[in-house]
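Model the full structure from these sequences, guided by the hints.
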Amino acid sequence: MKLKNEKKKDALCTLIAIAVMLVVLIVMELTMKSTSILFTVLKKGMIYALVAVSMNLLNGFTGLFSLGQAGFMLIGAYTYAIFSMPTAVKLGDTVYKYYDCAISLELGIFPALLLAGLFAAVFAALIGLPVLRLKSDYLAIATLGFAEIFRAFFQWDAMGPVTNGANVLRQYKDLTKVKIPFTNIPFPPTLFCFLVAGICIAIIVLLINSSYGRAFKAIRDDEIAAEAMGINLFKHKEMSFVISSFFAGISGALLAMFQYTVQAAQFKTAMTYEILLIVVIGGIGSVTGSCIASFLFIACNEWWLRFLDESSNNILGLNILRSGFRKVVFSIIIMIIVLFFSKGIMGEREFSWARARAFFRDPFGLVSRRKKPAVSEEVSGDA
Amino acid sequence: MSFLQNSLPYILAGISVGGQYALIAIGYTMVYGILRLINFAHGDVFMAAGMFMVFLSASLPLGAAIPLVLLLTVLLGFLIERAAYKPLRSAPRMSVMISAIGVSYLIQNCALYFTGGLAKVYPQLPWLSDTVTIFGAVTKRVTLVTPILTILLVVGLSLFIRYTKVGIAMRAVSKDFETARLMGIKVNSVISATFIIGSLLAAVGSLLYFTNYASVTPTSGGMPGLKCFVAAVFGGIGSIPGAVIGAFIIGIAENIIKGLGWTTFSVVFTFALLIIILLVKPTGLFGEKATDKV
Amino acid sequence: MKKVLALVLALALVFALAACGGSKAADNTVTIGVFEPASGDNGAGGKQETLGVQYANSVQPTVEIGGKTYNVVVKYVDNESSNDKAPSAAAELVSAGSSIILGSYGSGVSIAGGPTFEAAGIPAVGITCTNPAVTEGNGYYFRICFLDPFQGTVLANYAFSELGVTKAYCLNKLGDDYSGGLVKYFIEAFEGLGGECVHEEFPDGNSDFTSYVANAKAAGCGVFFSPVSTEAAQLIIDQVVAQGATFPLLAGDTWDSNVILQAAKGKDVNITVTTFYPEGADADFDSSIKAWINGNSTNLANNGGDDTVAAVTAMGYDAYFFALAALQKAGSTDPAKVMETIWSTEINGVTGPIALDQTNGDAIRNTAFVKQADTATGTWIALDPVTIN
Chain E
1 MKLKNEKKKD
11 ALCTLIAIAV
21 MLVVLIVMEL
31 TMKSTSILFT
41 VLKKGMIYAL
51 VAVSMNLLNG
61 FTGLFSLGQA
71 GFMLIGAYTY
81 AIFSMPTAVK
91 LGDTVYKYYD
101 CAISLELGIF
111 PALLLAGLFA
121 AVFAALIGLP
131 VLRLKSDYLA
141 IATLGFAEIF
151 RAFFQWDAMG
161 PVTNGANVLR
171 QYKDLTKVKI
181 PFTNIPFPPT
191 LFCFLVAGIC
201 IAIIVLLINS
211 SYGRAFKAIR
221 DDEIAAEAMG
231 INLFKHKEMS
241 FVISSFFAGI
251 SGALLAMFQY
261 TVQAAQFKTA
271 MTYEILLIVV
281 IGGIGSVTGS
291 CIASFLFIAC
301 NEWWLRFLDE
311 SSNNILGLNI
321 LRSGFRKVVF
331 SIIIMIIVLF
341 FSKGIMGERE
351 FSWARARAFF
361 RDPFGLVSRR
371 KKPAVSEEVS
381 GDA
Chain H
1 MSFLQNSLPY
11 ILAGISVGGQ
21 YALIAIGYTM
31 VYGILRLINF
41 AHGDVFMAAG
51 MFMVFLSASL
61 PLGAAIPLVL
71 LLTVLLGFLI
81 ERAAYKPLRS
91 APRMSVMISA
101 IGVSYLIQNC
111 ALYFTGGLAK
121 VYPQLPWLSD
131 TVTIFGAVTK
141 RVTLVTPILT
151 ILLVVGLSLF
161 IRYTKVGIAM
171 RAVSKDFETA
181 RLMGIKVNSV
191 ISATFIIGSL
201 LAAVGSLLYF
211 TNYASVTPTS
221 GGMPGLKCFV
231 AAVFGGIGSI
241 PGAVIGAFII
251 GIAENIIKGL
261 GWTTFSVVFT
271 FALLIIILLV
281 KPTGLFGEKA
291 TDKV
Chain U
1 MKKVLALVLA
11 LALVFALAAC
21 GGSKAADNTV
31 TIGVFEPASG
41 DNGAGGKQET
51 LGVQYANSVQ
61 PTVEIGGKTY
71 NVVVKYVDNE
81 SSNDKAPSAA
91 AELVSAGSSI
101 ILGSYGSGVS
111 IAGGPTFEAA
121 GIPAVGITCT
131 NPAVTEGNGY
141 YFRICFLDPF
151 QGTVLANYAF
161 SELGVTKAYC
171 LNKLGDDYSG
181 GLVKYFIEAF
191 EGLGGECVHE
201 EFPDGNSDFT
211 SYVANAKAAG
221 CGVFFSPVST
231 EAAQLIIDQV
241 VAQGATFPLL
251 AGDTWDSNVI
261 LQAAKGKDVN
271 ITVTTFYPEG
281 ADADFDSSIK
291 AWINGNSTNL
301 ANNGGDDTVA
311 AVTAMGYDAY
321 FFALAALQKA
331 GSTDPAKVME
341 TIWSTEINGV
351 TGPIALDQTN
361 GDAIRNTAFV
371 KQADTATGTW
381 IALDPVTIN
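Note that the protein sequences, when read in sequence, are chains E, H and U. Last residue of the first sequence: number 383 in my numbering, and the count goes up by one each step with no gaps. Last residue of the second sequence: number 294 in my numbering, and the count goes up by one each step with no gaps. Last residue of the third sequence: number 389 in my numbering, and the count goes up by one each step with no gaps.
Hint data in this document are derived by calculation from the structure and do not stem from the laboratory. Think of the CB as a built atom: it goes at the ideal place given N, C-alpha and C, for glycine as much as any other residue.
Facing chain E, a subset of chain H residues (Cβ under 7 Å, in silico):
{"#": "1", "residue": "A91"}
{"#": "2", "residue": "C110"}
{"#": "3", "residue": "L278"}
{"#": "4", "residue": "L279"}
Have a look at this one:
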C-alpha cells in the first residue's frame, strides 16, 4: 500500500517537473533573443536525445549492437525534406536545379514527420530480415555497411529526380514554418522540438516498461534462456530494430527541420559514432542517461568549449589556444569518461525521485563517507 | 593488346593499392583474432604515420626520418594499447570498442590541431617516386614495389607466427585467452607484440600509400581504414592470408569499377561485398567457424 | 580518484560556462562575423580569404557610423568546410551579435548556413562563393564575386577556342555545390560550342585519382577540367604527372592558390585557371600585404608558406571594405538597417569596382582574369582577361 502511494507521488512529481520545464522553456522563448546559442544547443540536444534513446533501445535494452543509426536518420531527413517541400519550390529551379522533381505531393509538417519515421521503419524491416541473423560485431559491421550503402544510393545520379542527387535539399518546411494550429502565429521552435522528441521518448519508455520491453531485456541478458522461455527471438529483434529505426527516422526529420538544409554527405559513420558515444556516456541501458549525455555532449561540442578555439584567449603568451584545440580537449574528456567511468553517467539506472531526494540529503556521499568505516567494520565483524 | 593497354593502368593501380590495404588489414585481423576487438583507431595510426613522416622529413634527412617514423608509429600503437585497451581488459567488449572509437577521435583531432586543418604534402621518396613505363602504362615505381614488398612481409610474418616463441604464444592466446594465461603465457606482452607488429606494418603501408597519393589530412585514415577492415572481414577475420587476399580483391575491384565509370559506387561495392559475404559465409573466406557457447 | 576526477570535470565545465557568459560587447564596437573554413577540404582557401579580412582590419580597425567612431571587432568562426557544421557555426556568429557576415569560401557551406542568417535577419556577403544557389531564394545573401554560369562559359570558351580542344574530361566531387555547379555550366557551354564532354564524380574521402586520370587518357580527352578543392587538386596534379598525361589542366578560382603552384613546381604540367584578381594588378596593395604577411609567422603559415597574393585574399580585403561601406551607409549597426542600404552600396576595390544587381544581390562583374602556372619558377603568368557582356 505504501509502495503504491510512493509511486503515485513520484508520478505526480514527474508530471510537475515536466510542466515546470515546459513553462520555463516557453517563458525563455518569449523573453530571450531567439538567436541565442542556448536555443541552438537545446534544440540539437533534444534531437540527439531522441536518436540516442532510440539507439539505446537497440543496444542497451535488446542487446543488438547496431551501427546503422545515421543511415536511418538519413532516410528520415530526406523523406521529410522531399515531402514537406512546397510544390512551387519543387517545380522551380532553386532546389532541383539539375533534375525535374518526380514527386509532386506536398504534405504538412506532421504527416511528413510521420512518413519520415515510417519510411525508415520500412527500410529497417527489409534489411532486418537478413541482417538480424548475425551476431554482435558482425551485426554492427553489416548495419554500418548498410548505412554507407544508403548514403551512396541517395547520392546516386539516377535517384536525382527524387533526392536531388548529391546536392542539398532546402526550402522545405523548417522549424520557423511551424505554426500554432488554426492560427498564423509561429510556434516556439525549441518548444516544438521538445514536444515532438519528448512524446517519442515517452512512447519508447512505455514500450520498455511493457511486456515487450521485458522480452527485449530477456533477449539482451541471455538469448538462449529467453528462447527457452518461449520468446520468439526473431520477432522481437525485428520489432526492436524497426521501432528504433522509426524514431531514428523522426529524429532525422527533426534534424532536417533544425538545420534548414540537408545533404546525404553529412550522415557518415562518424555521426553514428557520435550517437554511440552519447549512449555510452549516458550509460548503456538508461534512457535518462542518454538524454542528459546528449545535452552535455552537444553543449560541450558546440558551445562551452568554443573559447578554446580563439587565439585571443591565450594567456601568458602561450600559443596553445587556436583553431582545433577545442576538439582535442573534447576528445580527451571523452577518453577520460570512457576509461574511468565506463558505466557512464547513469549506469543502467534511471532517474528516480527517491535517489534524487537521497542525493540532496547527502550530495556526493560527503556525509556518509565519514560513517563508512564503521559500517565496514560491522560487516567484517559479521563475517 | 589494346585491351591490355587500356586496362593495365587500372589493374596496376588496383594491385598496388591492394598491397597497401593488405598491410593495414593485417593489423585489424591480428588484433581481432586475439582481443576480439575491432580496433577502429588502426586507420588513424596509419594516418599518424603519414603525419610523422611529413613533420620529420622537414627537418631530418630521409635516411633518418624513415626509421624514426617506423619507431614512432610502433610506439604510438603500443601506447594506445597500454593506455586505452589494457585498463578495460575485463570490461564488456562494447566498452573497449567505444574506447577504440574514442582513440580514433583523439588522434584525428590532434592531427587537425597540429596541421591547422590543412592538407600536408608528403615528401617525395627518391627511387620510389620515380615514374617508370611498363607495357606502355606509365606509373610510379612504388606501384611495382608494393605487391612484392607486401608478399615478402606477409611471408616473413607467417614464418614468425609459425616458428618463434612469441608467434606460438600469439596463436595460443587467439585460440583460448584464459587457458593460455593459465599455461603461463604473459598475455599482456603477447598483446603488446600484436599491436607493435600491426603498427609497424601500418607504418610501412603508409610509406607506400602516401608516396602514391602524396597528401595527408587528418581524415586520410578514415576511408582506407574502413576498407581494410572490410577486407579483413571478407577474408575471415583473424586469418592473415584471408586479410591479404581480401585486400587485393577490394583494391583491384575498386579500381576496375572506377575504370568502368561507376565512380559513385566504388565505395558501395566494398560494403555490398561485405554484406554479401556476411550473409552467405559470416566467418569470411578463411575464417574458422565460431561456436555458440552457453 | 574517480570522485576527484568527476569533480574536476564538473568544475572545468562550470568555469567554461562562466567564461562564455562573461564576454559582453562594449557599445562602441561593431561586430563583423567571418564565416570561413579553417579546416577540412577548403581549409587552405578559407585561411587565405580570412587573411584578406584580417589585413583589411589591421589597415582600418575603426569605422565612423552615424557620426560616432566604432571599433571593428571581427569574429571568426570555422565552418570546417562541412555543410552539417555550417548551421551551428552560423548560429555562433549570429549569437555573437554580428551586424554583417562575410564569407564563405566554398558555396556549399554558404548555402547551408544561409538560412540561419536569413532567420536572424542579418545580411551576409559572399566573398568567393560562385554557385548561383547561394543568393537565389535567400534575400539576405549577397556576393561580390562573379557567378559560375559566367565562369563556366569563360572556361569553356577558353578550352574550345584557345586550346582548340573538342573533347573535355570533367571531374567534380560528389555532393559539392561548387565543383558540381561549375562543371555543369562548363559542360552546358562547351557542348553548346559543339564540343563533347566526359563527366565523372569522385566520392568524399577519395584520394586515389589514378583511375580518373586513366579514364581521361583512355577517352582521348584534350583537356582535364576539375575545379575541385586544392586538397584534391594536389593529388590530381601528382597523378597526371605520374601517368605522363599530356593534356592541360583547367580549373576555376579555387586553383588560384600557391598550394597549386607548390604542387606543380618543377613538373611537366600545364595549368590554367580563371580568377578574380591577378597579382600585380595593384602594386601598392601587393607590396603592403606581402610585407604584412611576411611580418608574422602565423600569417605566413596560413598563406601556405610564401607571400604569393591569392585572388581570394584580395577579395577578402575588398569584402571587408564593402562591409564597412554598407555599415556607414546604413548609419547604424542594426542589421535590419544595413539590410536596407546594402543593395545600393558601392565601392572601388582592388579587384575592381563592386556594385550589386537588384534581383539577387549578386555583384555586377563581367571580367574574369586568366592565369597560367609557370612551373619553372612557381609563379602565375597573367594571360589576357576575358570580358563577356
